[in-house]
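> In terms of my numbering, the sequence shown has 65 at position 65, counting the first letter as 1, and numbering is strictly consecutive.
No lab work stands behind these hints: they were computed from the structure.
Treat the hints with care, as some may be off.
For lysine-lysine, the following DSS-like pairs were computed, each having C-alpha atoms within a straight-line distance of at most 27 Å [as the list claims (entries may be wrong)]: (1) K122 x K108; (2) K92 x K132; (3) K92 x K149; (4) K92 x K108; (5) K144 x K108; (6) K144 x K132; (7) K108 x K132; (8) K108 x K149; (9) K92 x K122; (10) K132 x K149; (11) K109 x K92; (12) K149 x K109; (13) K122 x K132; (14) K122 x K109; (15) K109 x K144; (16) K122 x K21; (17) K132 x K109.
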Amino acid sequence: QAVRQIPVIGNGDVTTPLGAKRMLEETGCSGVSVGRGAFYNPWIFRATARYLETGELIAEPDFEERVRVMSLHLERNIEFFGEERGCVLFRKVIPWYARRFGPASEFKKAAVRISSRMDYEKALCDYREWRKQFLNGQGVLLEKFAPTKLEAVFSGHAPLERSVIPVPQGPVENW
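Could you put the whole structure together from the sequences, leaning on the hints where they help?
What follows is the structure, encoded as structure tokens:
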């Protein structure tokens with residue numbers, strides 16, 4: 001009886017607007033909690049709201065928009081924590097953004113060692129140069145190097161195997 005008056009929030013592998021809608025429809029929950037999906041797709045909230053209101057799916061942000069938001073995120077970290085601490089803490093965040101860049105191993109290797117804004121800018125500049133080998137003549141990532149399509153496990157279309165996302169271990173100073 002009491003549960004009918006308490007909102008229940010659905011949670012678990014909601015990484016797309018379609019996954020959020022399906023969870024709402026199939027479980028009857030009052031809302032959806034998004035966790036890890038927001039780390040590599042902070043646009044999920046706007047996209048989900050739009051999809052639930054209009055049924056329209058908006059396109060995933062392109063590389064430049066992802067870099068813009070990642071850089072803004074770093075700037076906010078620096079404003080709050082100071083340059084060195086903000087950059088060191090940001091090391092854990094960078095691989096989440098880079099997950100949707102396509103090939104990014106070189107960037108991730110350099111980026112998880114940053115200690116300053118200048119280190120970040122150099123890592124990003126070097127990565128942009130390295131990344132060119134994976135682009136077509138128009139500067140778009142070749143299809144064979146594109147990140148896998150975002151699918152929520154809850155959507156029923158996702159692969160059964162889960163990918164492992166490496167997360168730095170130990171004290172933040174060692175990342």
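> Which constraints among the numbered hints does this structure fail? Numbers only, ascending.
16
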